[in-house]
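Enquirer: Just so you know, the protein sequences line up as chains P and L, in that order. Okay, so the first sequence: first residue is 46 according to the numbering used here, each after it adds one. Okay, so the second sequence: first residue is 46 according to the numbering used here, each after it adds one.
Honestly, the hints are just simulated from the structure, not real lab data. Where is the CB? At the ideal position from N, CA and C, for every residue including glycine. Heads up, a few of these hints could be off.
[Said to hold, decoys possible] Incomplete in silico selection of chain P near chain L, CB under 8 Å:
no., residue
1, 90
2, 239
3, 250
There are 2 protein chains.
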Amino acid sequence: MPNPTAAMLVIGDEILSGRTRDANMHYLAGELAKTGIDLKEVRIVSDTAEAITDAVGTLADTYTHVFTSGGIGPTHDDITADCIAAAFSLAIDVRDDARAILEEHYQRTGTALNEARLRMARIPEGATLIDNPVSAAPGFTLGNVHVMAGVPQIFQAMVASVLPTLTGGAPLLSQSLRIERGEGDIAGPLAKLAQEFPDLTIGSYPYSHSGTFGAHIVIRGHDGARLDAAMQKLSRLFPE
Amino acid sequence: MPNPTAAMLVIGDEILSGRTRDANMHYLAGELAKTGIDLKEVRIVSDTAEAITDAVGTLADTYTHVFTSGGIGPTHDDITADCIAAAFSLAIDVRDDARAILEEHYQRTGTALNEARLRMARIPEGATLIDNPVSAAPGFTLGNVHVMAGVPQIFQAMVASVLPTLTGGAPLLSQSLRIERGEGDIAGPLAKLAQEFPDLTIGSYPYSHSGTFGAHIVIRGHDGARLDAAMQKLSRLFPE
């Protein structure tokens, strides 16, 4: 059975403007590889309702799972939950279970649960809450869309809450070999190897630093024995 | 006149698999902000013909410019040029001008221009070459799509070659203020400020480290005087 597939949607004005580098993508990619859910696409869109709603709709129709990051805090630019509800044509309002979580948290920390903070209890109809052990305000899963915070520490905690609830497949394995030769000399034999192992993906990533150059050859796939076989052939093709 | 818009397409198995963190996106975002071309979307897709061709077609129809990174080297997994040609239904073959650039470069470095390296002279019909001062093999512009290498050093050199040929707009300016208060306390006044300045985008990015927490408020827009006015109001709302 083929692995489930996934896309990630980053709500990301702060990335598109060049201000920050995304960290959640790299983290999620690694976790999904281990879980055996194949990450096929990432989209970063701006913090506008149309961009978010359109992207969620398309990605949810195309992949087994969609993971979003960002835009579920208490400020005016946090519009993700409303956009997800709109994408599924579902109602959204403050929900009692989410409100109870916030009430308990803010009571304990001696902070007022004001109108802005209460926005974080707005959850679309029919969604399941995702636990947030860092700062309480929950994410949620609606259909095949998993909605999580953008702050890396909270995003990672939410990924840890949600991934064990999903059915994974065979983990994505990878092995790599550094070859200190120009890609142009590696390319011919490598193409033949790729043809011999159509069930694996073989990538070539050139590098050059301080006068030496070459390529990292990365072999990926779900069957460890096949990876070993391909890597042994590769090593024989390019002895050190 | 509104600024031209842009999308970036990263051909990125090595990112989707969790192996590497993308660096080109952050670089391009910063350069486009300075040039006054508004980066609206980034997509990262796997190294398959269908994924690349579909994404290029959609993005080229939607935005003023599309910038791609990756997949134009000499190895079997370098299929970007062929996919771009397919997306525009144009022929692609080794082109004399690109071949001449490679011949000169490899002659000078004493390297054989073999069949694999010659693949890097495959350029779609009607495309304009993008200069590569690092390793010679050119990128190209076809219609509104700018096709560049994935190696960061080469990508950056190609961006420097191509951006001066494009018509930009007003640079994206930004100012930020760190406020050491919870986002829930900032949210109310901040929403009112955002309503007063609908021509600016005001983002709130929470942080917490070593016991202190707060948010970076980032105000972005194209009119420096408006940014100054909004930032002055913000500072008065939250005096240190």
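Enquirer: Please go over all the hints and tell whether each is borne out by the structure.
Expert: Status of the hints after comparison with the structure:
1. 90: Since chain L brings a Cβ to about 5 Å from residue 90(P), closer than 8 Å, the hint holds.
2. 239: 5 Å, holds
3. 250: 6 Å, holds
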